[in-house]
Amino acid sequence: MHKPSLLDNRYKEERGEDREAMGGVGGGGTGRGRGDRQAEPLLRKLSESSSDNSSEEHLVKRTGTVWTAMAHVITAVIGSGVLSLAWSVAQLGWVGGPAAMVLFAGVTVVQSSLLADCYISRDPERGAAVRNRSYVDAVRLYLGEKSQMLSGFFLGFSLFGNSVVYTLTAAASMRAIERANCYHREGHGAPCCAATAGGSSDAYYMLLFGLAQVALSQIPDFHSMAWLSVFAAAMSFSYSFIGFGLGAAKVIENGVIKGGIGGVSLVSPAQKVWRVAQALGDIAFAYPFSLVLLEIEDTLRSPPAESQTMKAAARASIAVTTFFYLGCGCFGYAAFGDDTPGNLLTGFGEPYWLVGLANLCVVLHLLGGYQVYAQPMFALVERRFGAGVVDAEMPLLGRVSVSRLCFRTANVAAATAVAVWFPYFNQVVGLIGAFTFWPLAIHFPVQMYLAQGKVAPWTGRWLAIQAFSAGCLVACGFASVGSAMGVFGPERS
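This note's numbering puts the first residue of the sequence shown at 409, with every later residue one more than the last.
These aren't lab readings, by the way, just hints derived from the structure by calculation. In this text, a Cβ means the ideal position worked out from N, Cα and C, and glycines have one as well. Hints should not be assumed to be uniformly reliable.
Label pairs and their calculated CB-CB ranges [stated by the list, open to error]: (1) Arg709 x Ala678: 52 to 60 Å; (2) Gly668 x Gly514: 19 to 27 Å; (3) Val622 x Asp747: 34 to 42 Å; (4) Pro628 x Ser710: 21 to 29 Å; (5) Gly861 x Pro628: 31 to 39 Å; (6) Gly552 x Trp761: 49 to 57 Å; (7) Ala878 x Lys469: 38 to 46 Å; (8) Arg723 x Pro759: 44 to 52 Å; (9) Asn662 x Arg869: 30 to 38 Å; (10) Gly668 x Arg470: 18 to 26 Å; (11) Ala818 x Arg470: 37 to 45 Å; (12) Arg792 x Ala727: 33 to 41 Å; (13) Ala537 x Lys680: 48 to 56 Å.
The list that follows gives simulated cross-link-like pairs (lysine-lysine, DSS-like), each with its CA atoms no further than 25 Å apart [unchecked claim]: (14) Lys554 x Lys862; (15) Lys666 x Lys680; (16) Lys719 x Lys469; (17) Lys719 x Lys862.
Modelling step: build the complete structure from the supplied sequences, incorporating the hints.
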């Protein structure tokens, strides 16, 4: 039997309240029964939530279009993950690498479509609409509070993990700029080039990036950062084009396409298995944006329906990103073969100005990409505990509160500290991607879809969807173990 969702209960309670208010129709105007009294606290909570939501509608101006949604999605998707894809293709080989990227792209299209439909929940009898303005709001409405708590754990881990990965990537790109300039001035064997490869240099750049994020984190909310996402998306296109072109030029210069069907050959089969698992985790990290999809959809104006605009933006954005992913991943592997670096841009030394420009574009993109993932986490905490009393006026940012300033600064500081402590780019990317992909991108969207559509258990559609979810679970479990071995095991590259 279909398990009633919180949304079903809300509709039933509201209809029961209407019948009671009519007095004498079907019930003779008698008071509420025992079951109604038990449901009263939940009904009161939902009513208060609905009232709060309605009052906020007057304060929120939704002006987003398919273009701004695409900017947000591209900023969220084409991030640090694209730089690790050449390394992933090198581990999987010429067949497995491109196939895995296309497969994860298809999975992302399906799950983003399912999740986009969960933004608006409607009562079929009364026409009332409820906006699910965040991922956890939708999970709570369709699946209940226990699922909300579980999804909140995975969501927090993923959002915080993205901040760590973006800090690692920005530091690597800033160090690559310095190294490219050193190559140009002193030659590839110069001592200054070797010195910039040290860990202390990485920590210095991480701290600089963290300071910049402390300032940007004071942007009030997601609705106020469309300009930053557009700028970041332009930067992501720039360095993706450059990486694509540098790889192609390197292949032409070599006169041969490097690599093989089975990928990099390692000493032991066990090492190969863990590398393959880690590569799958890297690709899983590179695609999904489900954790910020509803926040993006909440910025869209209507008509047309927000879900229609969101689906169109998601399909177009995933098609664009898959093109760049295949180009950077495949050309990078063809250029370097078994020596493909973990971060593609760190493998190029010349032309130094173009390599420096590409890495600069990466850093500028990450300034905005960091906020695309940080703002939903800030909003989640501040809606739960309150933003505090406004007591300061800041240039360009308007009025801010002490609690907001302290919490957001502490969050950036914590992410920076973790990045300094675990500076293992590929392994951290793979672990976060593998650990959070199935629950956030597959399990909860699938379960919400089943609850919304009231799909009966053990029917053909139910079995197909559950088999799809189970297959993704097996793949992500495998990738999680391999990536954990890379972060906490004896071998770190």
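- Query: How does the Cβ-Cβ distance of Val622 and Asp747 compare with 34 to 42 Å: does it lie in that range?
  - Reply: 38 Å, holds
- Message: Just to be careful, I want the Cα atoms of Lys719 and Lys469 compared with a cutoff of 25 Å; is the pair within it?
- Response: With Cα atoms ~21 Å apart, Lys719 and Lys469 stay inside 25 Å; holds.
- Can the suggested window of 21 to 29 Å be confirmed for the beta-carbon pair Pro628 and Ser710? At 23 Å between Cβs, range holds.
- Query: Given the hint that Lys554 pairs with Lys862, does the C-alpha gap stay at or below 25 Å?
  - Reply: The given pair, whose Cα atoms are some 20 Å apart, holds under the 25 Å limit.
- Message: Hinted pair, alpha-carbon criterion (25 Å max): Lys666, Lys680. Please report holds or violated.
- Response: 19 Å, holds
- Query: Are Arg723 and Pro759 spaced within 44 to 52 Å by their CB atoms?
  - Reply: 36 Å, violated
- Query: Does the Cβ-Cβ separation between Ala878 and Lys469 fall within 38 to 46 Å?
  - Reply: Taking Cβ atoms as reference, Ala878 and Lys469 lie about 42 Å apart, which means the hint holds.
- Message: Does the beta carbon distance between Ala818 and Arg470 stay inside 37 to 45 Å, or does it fall outside?
- Response: With a Cβ separation near 30 Å, Ala818 and Arg470 fall outside 37 to 45 Å, so the hint is violated.
- Message: Against the range 33 to 41 Å, how does the distance between the Cβ atoms of Arg792 and Ala727 compare: consistent or not?
- Response: 36 Å, holds
- Query: When you take the CB atoms of Asn662 and Arg869, is the distance between them in 30 to 38 Å?
  - Reply: Once the Cβ atoms are compared, 50 Å apart, the range 30 to 38 Å for Arg869 and Asn662 is violated.
- Should the hint that Gly668 and Arg470 are 18 to 26 Å apart at their CB atoms be regarded as holding? For Arg470 against Gly668, whose Cβ atoms are near 51 Å apart, the range 18 to 26 Å is violated.
- Distance restraint hint 48 to 56 Å, applied to the beta-carbon atoms of Ala537 and Lys680: With Cβ atoms ~52 Å apart, the hint holds.
The structure is inconsistent with the numbered hints 8, 9, 10, 11, although it conforms to all the rest.
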